[in-house]
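Colleague: Got chain A sorted already, so can you dock chain B onto it with the hints?
Taken in order, these protein sequences are the chains called A and B.
The first sequence begins at 1 in UniProt numbering and counts up by one.
The second sequence begins at 1 in UniProt numbering and counts up by one.
To be clear, the hints were calculated from the coordinates, so they are not data collected in a lab.
Check the hints yourself; a few may be wrong.
[To be verified] Footprint (simulated), chain B over chain A, 3 or more residues, beta carbon under 8 angstroms:
no., segment
1, 17-23
2, 227-238
3, 255-265
All C-beta atoms in this analysis are idealised placements derived from N, C-alpha and C, irrespective of residue type, glycine included.
Protein chains: 2
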Amino acid sequence: MRLIENWFSERYSENLQLSFRVKDQLLSIKTDYQRIDLFETYDFGKLLSIDGTVQLTEKDEYIYHEMITMVPFYFNKRPKSALIIGGGDGGAAKRLVDLNFERIVNVEIDRNVVDVSKKYFPEIAKSFDNNRVELIIGDGIKYMKNSNEKFDRIIIDSTDPVGPAEGLFSKDFYKNVSDHLSDGGIVVTQSGSPYYQPEALSMANKGMKSIFNNVLTYIAFIPTYPSGLWSFTMGSNKDMSIRDEKKSFGKYFNEDVLNGCFKLPEFVKKLID
Amino acid sequence: MRLIENWFSERYSENLQLSFRVKDQLLSIKTDYQRIDLFETYDFGKLLSIDGTVQLTEKDEYIYHEMITMVPFYFNKRPKSALIIGGGDGGAAKRLVDLNFERIVNVEIDRNVVDVSKKYFPEIAKSFDNNRVELIIGDGIKYMKNSNEKFDRIIIDSTDPVGPAEGLFSKDFYKNVSDHLSDGGIVVTQSGSPYYQPEALSMANKGMKSIFNNVLTYIAFIPTYPSGLWSFTMGSNKDMSIRDEKKSFGKYFNEDVLNGCFKLPEFVKKLID
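The following block holds chain A by itself, in its conformation from the complex (with noise of 0.2 angstroms):
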């Protein structure tokens, strides 16, 4: 985090940074996980990060929550149960009880990003007080090690892979994603900026492709992480396709967003060769 006259910069690298003024810092703890900041910013409202990374503003966090949550849930057998690990925002939460899932549970390690979330971010924070939404704090690779329940859609809601997300890009996460998924179901993972993270995307990629049969990648434009490109990464061991029902959009996605985000540029082809 770097706050100088009131401007907070999140570098890119060590030779670009995306600025925003901001109008106040209401926030600024040190976890047992992360740093975590909250900046009230002119351009896009509350603006939450972590160890210096923008995880969501007000203003265009649908964008992300919608394409972590939506895409996969137009795949195969309509889905009625899901595991978000991370998430302690409650965004993609929030998005899944929308549509309708019957049972989610939302395993966030670091209890912090709930009560900030709550705080700051009622509106999509309010998602933990639906009966269908159970939050477990707790580490979600523990938490899939001690459980048997299988979920249709598993969402990895998390930071990049380096800090706490690391283990949640490895082969042996997969592995266990896999034992928890149901027939036909699916995991989707963010997997970082293609251009600016590409090793992240690789990973992903990498990683659910030792485990799984199928393995989708697809995009998405969003202004406030780096580069405006992200990338998110679906597995399953069963086809996926996209079933023949009415689709219903958000403010960023819709059904030719579905069919458009896994056409992917010729550089983004190249990481997951």
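Modeller: Same frame as chain A, now just chain B:
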């Protein structure tokens, strides 16, 4: 142009900026039309800025130039002639040469852009030495009023619709463009960031729809342009459809991109309804 402690920053608004650490500023001139700055950056190589706005960098110029030329190339009958308005760096002309266009007329209003590109981006500007390329230093609007030549493609490779390029987004201009298109010909213009400059996309779209029977918008990811998402708008008086032909690919463009780039996020669709 802001250069503070060896950082060049492009302001996306009063409250948001992207900053590139620079090794050196190689040039800063004020021409009759605009301010031109040239930086040697760490992450993106040489960077050309006009009026404080990134125009191209060595590292990612391929995305913009592939997308403004290769997408319209694959529609309708194979095009042989093209008029470029703007494009003084030579990047669009270079791709048209590669696509085997037989005649390319490039009308750039500011000789200094050409000179700067020849000096600092010689691999790009060398397109002007090709005997299929005719470079004219002059006003594109006036050029079209005084010429009767028709072209299979007209490429509006301009700066944003403030300053010298403002007239290139008007209905009157598109009427002129229409008169210079051959049967089945297509015009394409860059139409700004849908996220930060929605009015540029709306202007291009409305202006084209008032003149052309068919208008299509497509998008690409460009990391050094505001928000990372960029739009292009194509118009024609004939139907536009992708022809059956093996597609070549660039570093960004490929056949998937050709099919996927017209699939627009919901918030972009709303701008062009």
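Colleague: Run through the hints listed earlier and report the numbers of any the structure violates, in increasing order.
Modeller: Nothing - there is no hint that the structure violates, so all of them hold.
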